[in-house]
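> What follows is the residue order along each chain.
There are 2 protein chains.
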Amino acid sequence: MLTIFALKGIPEILQGDDLAAIIGDAVGSLLDGDIITVTSKIISKAEGRIVLAAHREEAITQETVRIVATKKHPGGVTRIVENRLGIVGAAAGVDASNTPDGTVLLLPVDPDGSAERLRAALQRRFGVRLGVIVTDTLGRAWREGQTDVAIGGSGVLLIEDLRGTQDSQGRTLDVTAPAVGDEIASAAELVKGKSNGLPVAVVRGLSHLLDPDAAGGRVLIRSAEADMFRMGANEAWAQGFEEGRAHAEQ
Amino acid sequence: MLTIFALKGIPEILQGDDLAAIIGDAVGSLLDGDIITVTSKIISKAEGRIVLAAHREEAITQETVRIVATKKHPGGVTRIVENRLGIVGAAAGVDASNTPDGTVLLLPVDPDGSAERLRAALQRRFGVRLGVIVTDTLGRAWREGQTDVAIGGSGVLLIEDLRGTQDSQGRTLDVTAPAVGDEIASAAELVKGKSNGLPVAVVRGLSHLLDPDAAGGRVLIRSAEADMFRMGANEAWAQGFEEGRAHAEQ
Chain A
1 MLTIFALKGI PEILQGDDLA AIIGDAVGSL LDGDIITVTS KIISKAEGRI VLAAHREEAI
61 TQETVRIVAT KKHPGGVTRI VENRLGIVGA AAGVDASNTP DGTVLLLPVD PDGSAERLRA
121 ALQRRFGVRL GVIVTDTLGR AWREGQTDVA IGGSGVLLIE DLRGTQDSQG RTLDVTAPAV
181 GDEIASAAEL VKGKSNGLPV AVVRGLSHLL DPDAAGGRVL IRSAEADMFR MGANEAWAQG
241 FEEGRAHAEQ
Chain B
1 MLTIFALKGI PEILQGDDLA AIIGDAVGSL LDGDIITVTS KIISKAEGRI VLAAHREEAI
61 TQETVRIVAT KKHPGGVTRI VENRLGIVGA AAGVDASNTP DGTVLLLPVD PDGSAERLRA
121 ALQRRFGVRL GVIVTDTLGR AWREGQTDVA IGGSGVLLIE DLRGTQDSQG RTLDVTAPAV
181 GDEIASAAEL VKGKSNGLPV AVVRGLSHLL DPDAAGGRVL IRSAEADMFR MGANEAWAQG
241 FEEGRAHAEQ
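Protein chains in written order, with UniProt numbering: chain A, 1 to 250; chain B, 1 to 250.
Bound-form chain A, shown alone (with noise of 0.2 Å):
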């Protein structure tokens, strides 16, 4: 039986914010084995990673490793971007929902290091094992609409790689790898929502999943040589179209 509940009472986080202390009093007690996700947000708001919104295409920039595709709409141009964690998403994860008005928020410096202090903090004051999972927002390739992932994370698989275990029929099962770390996020967004300001969640019954040397979020990413799409369909036919030109006029 899996159980998750929202934390209430966590109030508006400002630049500085005692994180683990809110949390922990707003959460009461905790369970041996309890996985607590927090929303990046919250963690950008603590660690002041907020700048003007007018800003925000060189925030953007800034924030940006790589350029995956581009596309425009009548309010813009929309980038898919690789940033500076690895990720691949619409505008390197730079935010202006649930911000102060005229600015926008950059995601946490290292959500692994924010994972794991939290939860080092957490465990002290509750004398419990914890597993803590960073999350944030994205869209996808081929699907309509976002699920929340895991960015980060600290004592807590994000991936459980069943490669070599058996199935049913006692045969090697042998490309499972389900992105655990993902999917625990995606729950706990079913009860945190996007308009309601509940950030924290505590996800109950997943202890199978603790391990104290657990990789971080980047063990979710996969490079970009090892990726069918690291550009966007548009950008590797023009590309291509300039190289093929460039080939016969040689």
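Possibly wrong hints are sitting among the right ones.
Pairs involving identical chains hold if they fit within one copy or between any two copies, as the list cannot separate such chains.
Cross-link-like lysine to aspartate or glutamate pairs, in silico, EDC-like; alpha carbons within 20 Å at most [as the list claims (entries may be wrong)]: (1) Lys71 <-> Glu144; (2) Lys72 <-> Glu58; (3) Lys72 <-> Asp227; (4) Lys72 <-> Glu225; (5) Lys71 <-> Glu225; (6) Lys72 <-> Glu57; (7) Lys71 <-> Glu57; (8) Lys71 <-> Glu58.
In case anyone wonders, no lab produced these hints; they're calculated from the structure.
Fit chain B to the supplied structure of chain A, relying on the hints for placement.
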């Protein structure tokens, strides 16, 4: 509070089995607003969507409407395709895990229809309003590991369209549409697992997502025309190269 539990006691499903009766017997009781998630595999088995493994490649071809990308690897070729349901994924959903030896399973003929029939039968039996989601496991662009998604549904919103609603600062959310169907499928996967033969889970606490007129699985599909990643980067590059060369040679 969201609670999710897998049903124990679902036997190996055979062609012609009455899934509604089997699930109803296994669950015993359901509450108003419960969402039942069912792994597509057992629907395929009940429908007899099984072919000899020797015919796997033909089956993939028959299920495919469009090849998106291919990649050679030591074990063969991975084909990422759009299947007849519009879903982009590996091998058109043709699956060899948890199937009888020497066979592979195709996806259900009509996952929405299967969900609808199951919902009608379980609602009659238990006298409560229900949602049903049919799930499958998909890989993703850019991210490692797989997550479960909704490939069909009945009676439950698969996308929660928040566009036009307001955030905590009173500003309009303009692009937010959580793919709750996929998030529910992912949440359920956390209790069903891949290797332990638990194909059905009950998701309790999301009755606000119930809607008897909700759209089916197609609502989660982005059309190829609207998709920035409608082709693999290599495929798009190669097409551009040929057209660029032909253009220069004119």
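> For the identical chains here, do Lys72 and Glu58 meet the 20 Å Cα criterion within one copy, between copies, both, or neither?
Only inside one copy: Lys72 and Glu58 sit 18 Å apart there, 39 Å across copies, limit 20 Å.
> As a check of your reading, is Lys71 near Glu57 (CA-CA no more than 20 Å) within one copy, between copies, both or neither?
Answer is within; shortest intra-copy Cα gap is 15 Å, inter-copy 36 Å.
> Between Lys72 and Asp227, at a C-alpha cutoff of 20 Å, which is it: within one copy, between copies, both, or neither?
between (24 Å within a copy, 13 Å between copies)
> Treating 20 Å as the Cα threshold, decide for Lys72 and Glu225: within, between, both or neither.
between (26 Å within a copy, 14 Å between copies)
> Evaluate Lys71 and Glu225 at a C-alpha cut-off of 20 Å and name the case that applies: within, between, both or neither.
Intra 23 Å, inter 12 Å, cutoff 20 Å: inter-copy only.
> Is it within, between, both, or neither for Lys71 and Glu144, if the alpha carbons may be no more than 20 Å apart?
Close inside one copy (16 Å), not across copies (25 Å); limit 20 Å.
> Using 20 Å as the alpha carbon limit, work out where Lys72 and Glu57 are close: within a copy, between copies, both or neither.
The answer is within: 15 Å in one copy meets 20 Å, while 39 Å across copies does not.
> One pair to classify: Lys71 and Glu58, alpha carbons no more than 20 Å apart. Within, between, both, or neither?
within (18 Å within a copy, 36 Å between copies)
Figure legend: structure checked against the earlier numbered hints; every hint is met.
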